[in-house]
Amino acid sequence: MRQSQLFTKTRREAPADEVAKNAQLLVRAGYIHKEMAGVYSYLPLGLRTLNNIVKIIREEMNAIGGQELVMTALQDKELWSRTDRWDDEKVDNWFKTSFKSGGETGLGITHEEPLTRIMTEHISSYRDLPVYAYQFQTKFRNELRAKSGIMRGKEFLMKDLYSFSKDEAEHKAFYEKAREAYVKIFNRVGLGDQTYVTFASGGIFSEFSEEFQTVSDAGEDTIYVDESKKIAINKEICTDEVIAKLGLKREKLIEKKAIEVGNIFNLGTRFSEPLGLSYTDETGVHKPVVMGSYGLGPTRLMGTIVELMADNKGLVWPESVAPFSVHLVSLGKEGDPSRRGGAEADEISKTADTLYDDLVKAGVEVLYDDRDNSVGQKFAESDLLGIPKRIVVGKKSVETGIFEVVDRATGNVVETPRAELFA
RNA sequence: CGGGGCGUAGUAUACCGGUAGUACGCUUGCUUUGGGAGCAAGAAGACCGAGUCCAAUUCUCGGCGCCCCGACCA
Numbered sequence: 001m002r003q004s005q006l007f008t009k010t011r012r013e014a015p016a017d018e019v020a021k022n023a024q025l026l027v028r029a030g031y032i033h034k035e036m037a038g039v040y041s042y043l044p045l046g047l048r049t050l051n052n053i054v055k056i057i058r059e060e061m062n063a064i065g066g067q068e069l070v071m072t073a074l075q076d077k078e079l080w081s082r083t084d085r086w087d088d089e090k091v092d093n094w095f096k097t098s099f100k101s102g103g104e105t106g107l108g109i110t111h112e113e114p115l116t117r118i119m120t121e122h123i124s125s126y127r128d129l130p131v132y133a134y135q136f137q138t139k140f141r142n143e144l145r146a147k148s149g150i151m152r153g154k155e156f157l158m159k160d161l162y163s164f165s166k167d168e169a170e171h172k173a174f175y176e177k178a179r180e181a182y183v184k185i186f187n188r189v190g191l192g193d194q195t196y197v198t199f200a201s202g203g204i205f206s207e208f209s210e211e212f213q214t215v216s217d218a219g220e221d222t223i224y225v226d227e228s229k230k231i232a233i234n235k236e237i238c239t240d241e242v243i244a245k246l247g248l249k250r251e252k253l254i255e256k257k258a259i260e261v262g263n264i265f266n267l268g269t270r271f272s273e274p275l276g277l278s279y280t281d282e283t284g285v286h287k288p289v290v291m292g293s294y295g296l297g298p299t300r301l302m303g304t305i306v307e308l309m310a311d312n313k314g315l316v317w318p319e320s321v322a323p324f325s326v327h328l329v330s331l332g333k334e335g336d337p338s339r340r341g342g343a344e345a346d347e348i349s350k351t352a353d354t355l356y357d358d359l360v361k362a363g364v365e366v367l368y369d370d371r372d373n374s375v376g377q378k379f380a381e382s383d384l385l386g387i388p389k390r391i392v393v394g395k396k397s398v399e400t401g402i403f404e405v406v407d408r409a410t411g412n413v414v415e416t417p418r419a420e421l422f423a
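Reminder that position 365 of the first sequence reads as 365 in this note's numbering, one-by-one numbering, no gaps.
Calculated directly from the structure, the hints in this document are not laboratory data. If you're wondering where the values come from, they're calculated on a predicted model, not measured in any experiment. Where hints are given, some of them may not hold.
[Said to hold, decoys possible] Subject to a maximum C-alpha distance of 27 Å in a straight line, what follows is the list of computed DSS-like cross-link-like pairs (lysine-lysine):
1) Lys313 x Lys395
2) Lys9 x Lys249
3) Lys333 x Lys395
4) Lys34 x Lys378
5) Lys177 x Lys230
6) Lys249 x Lys235
[What the hints assert, rightly or not] Here are the simulated distance ranges between beta carbons:
7) Asn373 x His122: 19 to 25 Å
8) Met36 x Ser125: 27 to 33 Å
9) Arg117 x Lys257: 21 to 27 Å
10) Asp311 x Thr239: 34 to 40 Å
11) Lys235 x Arg418: 53 to 59 Å
Glycine included, each C-beta is placed from N, C-alpha and C at the ideal position.
Given the sequences, and given the hints that come with them, work out the whole structure.
Here it is in structure tokens:
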């Protein structure tokens with residue numbers, strides 16, 4: 001894409017109403033727009049980044065047998081009443097509204113209920129199980145206080161997968177696969193080293209749930225990490241009893257701040273029983289389906305990547321999620337060759353144009369800064385945008401066919417012959 | 001929800017009970033071009049409502065919005 005066509009602009013200064021690093025940089029770089037407190041729009045660069053994250057998650061969910069669907073945002077009050085999760089006393093962050101025709105509805109905070117009901121129409125025999133279904137959907141949570149930029153909003157994208165299994169053993173087996181899939185996802189987006197499987201409260205569902213916590217001072221959670229075993233315990237439940245149960249030693253645990261980037265809940269029959277999701281086993285006996293839920297927020301993940309990787313010049317994206325893989329920066333200017341320096345500038349511009357076309361033809365995702373701005377501004381903006389590789393087209397490139405390739409993360413510069421740019 | 005703070009051009013900010021200033025950005029022209037360029041000219045602003053006052057962007061009250069600390073986060 002030509003940058004002259006990109007409608008978003010960068011800003012030199014951070015917005016006054018943001019404190020979180022992720023929001024400051026994403027707004028400055030034109031990736032997102034704040035609509036209201038805790039409510040953000042994703043602009044072209046932000047959406048491309050988010051879509052890349054979604055794509056990675058989708059691939060890993062499909063790899064473990066997940067079937068993608070999408071459910072509604074509007075929720076059926078009657079359904080949620082059956083599991084006792086409609087009452088504001090029980091769940092306090094609903095956005096509720098009413099139909100003109102009468103009756104109440106709410107915007108989905110999670111989707112155990114609707115999916116369980118859907119499954120009652122499709123699951124009736126042991127032959128129908130197991131089933132793994134997931135979606136990417138905007139969730140709405142009426143948080144009293146949004147904070148931390150895109151990491152804790154009132155409206156946010158969530159991948160939620162639900163598993164439906166015959167029994168505990170089958171559930172457990174999938175649970176292990178889902179955990180492995182999560183590990184792969186965090187590795188692929190570059191957070192693997194700092195992300196820990198963390199034991200936390202199972203809430204109303206079970207003794208423990210598992211969280212994936214990425215160590216960061218921007219986090220809201222406190223966890224105790226055993227670095228050698230690569231697992232952690234959430235502070236909420238970190239008692240001597242729990243430590244012993246998990247086979248850990250208090251002396252080896254280190255306190256860290258962390259961001260919860262994913263979680264897995266054992267749901268048991270918490271939803272299948274009240275909603276009547278059961279199957280007939282081989283012997284003709286009716287049994288409730290055993291469920292699990294597996295959440296992962298792509299938008300929060302995007303914020304977490306910013307928090308961990310950005311530097312004092314701006315965003316830094318790993319190749320796997322970057323909105324473009326190459327930022328082609330032309331130092332030339334299309335123009336009148338008869339003017340002083342004009343011929344040279346025009347040559348540079350033409351060289352860059354041709355390189356852009358060839359890169360696009362080769363299938364490279366490239367953002368081409370073809371604008372007529374000062375060099376300093378172009379480089380500063382390029383740093384802010386955080387695209388992993390920058391190819392600079394200058395005088396030298398025209399004369400020698402050698403291009404400067406700058407690695408955004410390390411700042412390393414490599415003089416590269418044209419042919420190798422396509423490698 | 002408890003406590004605190006703040007609402008001034010697109011953005012970031014200053015001052016002031018009497019004509020609202022600066023920087024970036026934007027427009028036009030000329031110059032400039034390897035790290036957010038220079039000169040000149042220009043467009044653009046007081047969240048909403050009520051009150052006090054000769055006069056309110058400024059003071060008071062209410063509303064709305066935003067931020068921070070805490071609480072909450074199935």
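Evaluated hints:
A hinted pair counts as satisfied when its Cα atoms are at most 27 Å apart, and Lys313 with Lys395 qualifies at roughly 25 Å. Distance restraint check for Lys9 and Lys249: the Cα-Cα separation of roughly 52 Å exceeds the 27 Å cut-off, and the hinted pair is therefore not satisfied. Under the criterion of a C-alpha separation no larger than 27 Å, the hint pairing Lys333 with Lys395 is consistent with the structure, at around 11 Å. The suggested pairing of Lys34 with Lys378 holds, with an alpha-carbon distance near 25 Å, which does not exceed 27 Å.
Only pairs whose Cα atoms come within 27 Å are accepted, and Lys177 paired with Lys230 is accepted, the gap being roughly 17 Å. Taken as a hint, the Lys249 and Lys235 pair is honoured in the structure, with Cα atoms around 15 Å apart against an allowance of 27 Å. For Asn373 and His122, the hinted distance range of 19 to 25 Å is not satisfied, since their beta carbons lie about 57 Å from each other. About 48 Å separates the C-beta atoms of Met36 and Ser125, a value inconsistent with the hinted range of 27 to 33 Å.
The given range of 21 to 27 Å is broken by Arg117 and Lys257, whose C-beta atoms sit roughly 39 Å from each other. For Asp311 paired with Thr239, a C-beta distance near 39 Å keeps the hint of 34 to 40 Å intact. Between Lys235 and Arg418 the Cβ separation comes to about 55 Å, which falls inside the hinted range of 53 to 59 Å.
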